[in-house]
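Taking the hints into account, I'd like the entire structure generated from these sequences.
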Amino acid sequence: MTGPVLQVENLGRRFGAFSALEGISATLGRQRITAVIGPNGAGKSTFFNLLSGALKPTSGSLRFGGRDLARVPQARFAHLGIARSYQITTVFPRLTAHENVRTALQARASRYDFWSRRDRLAGLEDRADALLDSVGLAGRRGRPAAALAHGEQRALEIAIALAADPKLLLLDEPTAGMGPEETKDMVALLHRLAEARAILLVEHKMKMILGLSERILVLHHGRLIADGSPAEIQADREVRRVYLGQSGGYGHA
Amino acid sequence: MQPLDQTVLATAPPVPRRSPLAGGALSRWRAPLSILALLALPFLLPSQALAVNVLIYGLYAVGYNLLYGYTGLLSFGHAAFFGTGAYVTGIAIGAYGLHPLAAMGLAVAAAGALALALGAVSIRSRGIYFAMVTLALAQLVYYAALQASAWTGGENGLRGFTVARIGLGRLAVDILNPLTKYFVVLAFVGAALAMISRILASPFGAVIEAIRESETRARACGFDVERTKLLAFVLSGLFCGLAGALFAIHLSIVPLDSLAYHTSGMAVVMTLVGGAGTFFGPFVGALAVLVLEDALSLWTPHWQLALGTVFILFVLFLPRGLWGTALARIGAMRGRP
Ligand SMILES: Nc1ncnc2c1ncn2[C@@H]1O[C@H](COP(=O)(O)OP(=O)(O)OP(=O)(O)O)[C@@H](O)[C@H]1O
Ligand SMILES: [Mg+2]
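Sequences listed follow chains R and W, in order.
Everything in the first sequence is counted per the numbering used here, starting at 1 for the first residue and increasing by one.
Everything in the second sequence is counted per the numbering used here, starting at 1001 for the first residue and increasing by one.
One or more hints might be untrue.
Claimed, not checked - Footprint (simulated), chain W over chain R, 3 or more residues, beta carbon under 8 Å:
#, stretch
1, 75 to 84
2, 88 to 99
3, 103 to 111
4, 160 to 171
5, 214 to 227
To be verified - The following residues of chain R were derived to be distant from chain W, with all beta-carbon distances above 10 Å:
#, residue
6, P4
7, A54
8, D68
9, R71
10, R141
11, T183
12, K184
13, L189
14, A194
15, A196
16, G211
17, E232
No lab work stands behind these hints, which were simulated from the structure alone.
Beta carbons: idealized from backbone N, C-alpha and C, even for Gly.
This is how it looks when you write it as structure tokens:
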């Protein structure tokens, strides 16, 4: 990965008269983990929806690896190398953990084949197992996703996203609803994942973000009010005002 | 993005948590085992006419199940494909003197083409809206058939074609004998089941199940959800068209009812009563509904009301259907976690 991975220019999204996101410009390069923070309703998930093609911008532009994403349909994003998790866990609930990941892998191998056996596609079974193993779910391969613990489902969703072999991984609050133990596991996982790809991460847990990210983007009312290293963000007066004014500290969740 | 999936969930089929026997012998041999069970059917049922109906409506429901139970799309308009299969068969034989096999091939192709057209219009709407759009489109087809009475016989239905023999040259068999007819129909149904089983086990089969489970996730994985749904819709239409073609051959008339909305409802009811998303369930559902229909219509002139009540009880208390529940029991007995 040389050069910028993602170039966001003056990006905006309106819902009717309401402007959820406005004038966002940022370039994402070699940084391993970039956090996106901001109070509830700041536009973080909307930002992710734009970056993953789930929504189209109403203004501005997006380039990924130099390629303009304006006319690219959502289903192509995974193929280009952008994969994501959702704020609310989005997996295939009644399929087993292994089937979840194997099906995700199939998106690159075979989509319209009516006739071969799905369980005989070269290498897919093993790669699905390897991905499950990499997120610590090897022991759960035969369990339906719906029967997994909350933290395990979050990990499964990441394994599904990794099946696209993304250059950019978007994670919307991966530790939401997790206890301290599960959060610790997730942080360790994120460190490992960041070795091979850029990660953009929405989180509310401040301590975790400060320890994990190289760079932090702060959104407030749909605008990018700060962009810098954790130290810079901690010292930023505007950011302090937004957070202190809101809840007396960096204290969501 | 969540609200979209919720509307879909409101109409999502109550399929087993996972195929309870995935990998088990019952699942691996589902097509041959189903055919075996159907081979025995005429000897277990009181009448051969009932047995043939179970085959034909069962195939119709199996075709429907491909869309509802496996892809998660609730259609209220599948009579359009069943009826088209029946009418095209009858017209091709009666008016153009086509060989019955050629007529059936044409009928299946016509049902598929119609499914492509109706699917292209409806596939972008979701949940209950999709159900309503398919219902409306099927009603259009119904009224078109009613109007084109020169071709279809209008309200009286299509008459004037009788198939006494089916097959090629020396291999043709006389189907005036009910038992022979049953096995001829079973040959088609069995071939269709083998194909459907293969499709379900294919990579495409995995994609439609993924769409049923979560459209949002399937799209994020990189699947073209609309295109996949449209293909599933067409496949479903092809098999329902074949069921319609067999229906025409069996009855030697095509009633206008074959295109009516309650024929669409039949597919839904049979699939749900048998077990949505199970391979053999639709046949169980077809048998249960046909037997019930017979029994209730002897009892009371309001048998449709009674049938509707039974259906509602099923949805409420046995959402996995007869076969789906039986499979879950067998799965539990095997001591799955
Ligand atoms: N599809 C939509 N239609 C209308 N308004 C929307 C839509 N999606 C988001 N919004 C609005 O845009 C604003 C930003 O929402 P968004 O979900 O991006 O916030 P967020 O920063 O992710 O918040 P949270 O921390 O609660 O997840 C909110 O006011 C929300 O109501
Ligand atoms: Mg959010």
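Can you tell me if the stretch 214 to 227 of chain R counts as covered by chain W, using C-beta to C-beta distances under 8 Å and a minimum of three residues? With 0 residues in contact (Cβ-Cβ under 8 Å with chain W), the coverage given for the stretch 214 to 227 of chain R is violated.
Using Cβ atoms and 10 Å as the threshold, tell me whether R/A196 really stays out of contact range of chain W. holds (19 Å)
Coverage criterion applied to the stretch 75 to 84 of chain R (partner chain W; beta-carbon cut 8 Å; 3 residues): holds (count 7)
Are there three or more residues in the stretch 160 to 171 of chain R whose C-beta lies closer than 8 Å to some C-beta of chain W? It holds: at least three residues are needed, and the stretch 160 to 171 of chain R offers 4 whose Cβ sits within less than 8 Å of chain W.
Taking the shortest Cβ-to-Cβ distance between R/G211 and chain W, state whether it exceeds 10 Å. holds (28 Å)
R/D68 and chain W, when compared Cβ to Cβ, separated by more than 10 Å: holds (19 Å)
If you count the residues of the stretch 88 to 99 of chain R with a beta-carbon closer than 8 Å to a beta-carbon of chain W, do you get 3 or more? Holds: 9 residues of the stretch 88 to 99 of chain R have a Cβ under 8 Å from chain W.
May I ask you to check that R/T183 keeps its beta-carbon over 10 Å from the closest beta-carbon of chain W? Given that every Cβ of chain W is farther than 10 Å from that of R/T183, nearest at about 23 Å, it holds.
Non-interface label on R/R71, tested against every C-beta of chain W at 10 Å: holds (15 Å)
Just checking, R/A54 versus chain W, shortest CB gap more than 10 Å? violated (6 Å)
Does R/A194 really sit off the interface, with its C-beta more than 10 Å from all C-beta atoms of chain W? holds (20 Å)
Any Cβ of chain W at or closer than 10 Å to R/P4, or is the non-interface label fine? Per Cβ check, R/P4 is outside 10 Å of chain W; nearest 23 Å; holds.
Violated hints, listed in ascending order, are 5 and 7; each of the other numbered hints is respected by the structure.
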